[in-house]
Amino acid sequence: MLEIAGEHDYRVWRALGLILQGVTLAGLGSPAEGLARTEQGIALYEGIRTPPIFWALVLGLRAEACALAGRTAEAVGLVDQAAALAGERNWLSAGFRIQKGDLLRSMGDMPGAETSFLAALHEAEGLGAGMFRLKAATRLAAMAGEAGREEAAATLRAALETFTEGFDAPDLLDARAVLSEANGHVS
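Counting in my numbering, the sequence shown runs from 397 upward without gaps.
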């Protein structure tokens, strides 16, 4: 993508390619280099005169790179900005709520994480966004305490039962593992 974008001066696609490459580098163990590449792509994107149709996604990717580089509090702020731009009642919003919950959980803010995951679950259910529903339900079941374990397991089971294919997809494998663990603890 970067090569073609460079050859044809597709600056938007070059910017997005650099951002994606940066997040990938950060995720593969080079967080400083990845964040720098992400910021390079963002600077290029900001310098382009084009409608900012990707801006919410760009902020979400920047948040991911920041989190991977250990700048989690900054990442939470970026996800909040992305969610505000995305608005309510769409798949982006549900995804950003899950991302925020993951960040808050990594910071030890379990009540905040639970609130984000519950909001994502309800939004995804209302939209018929099955994968986001599954992701939110999986996270809620994984962090459920003794009091809420049965309800969380039932919610996850219901989300998982809506899938008719793709059973070897990582998110479905994770959901089944969490459900199995929850069922082992349910009395």
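None of these hints come from the bench; they were simulated from the model.
It is possible that some hints are incorrect.
What the hints assert, rightly or not - Between beta-carbon pairs, the in silico distance windows are:
1. Ala554 with Ile444: 19 to 25 angstroms
2. Gly522 with Thr560: 19 to 25 angstroms
3. Leu569 with Phe450: 46 to 52 angstroms
4. Trp451 with Phe563: 22 to 28 angstroms
5. Gly443 with Glu399: 49 to 55 angstroms
6. Thr511 with Gly402: 23 to 29 angstroms
7. Pro447 with Leu523: 31 to 37 angstroms
8. Pro448 with Gly473: 27 to 33 angstroms
9. Glu561 with Pro448: 43 to 49 angstroms
10. Gly443 with Ala554: 35 to 41 angstroms
11. Ile444 with Asp570: 35 to 41 angstroms
12. Glu484 with Pro507: 17 to 23 angstroms
Treat the numbers as computed from the prediction; the structure is a model and nothing was measured.
Just so it is clear, CB atoms sit at the ideal spot from N, CA and C, and this is done for glycine as well.
Contradicted hints - numbers only: Hints 1, 3, 4, 5, 6, 7, 8, 9, 10 contradicted; others consistent.
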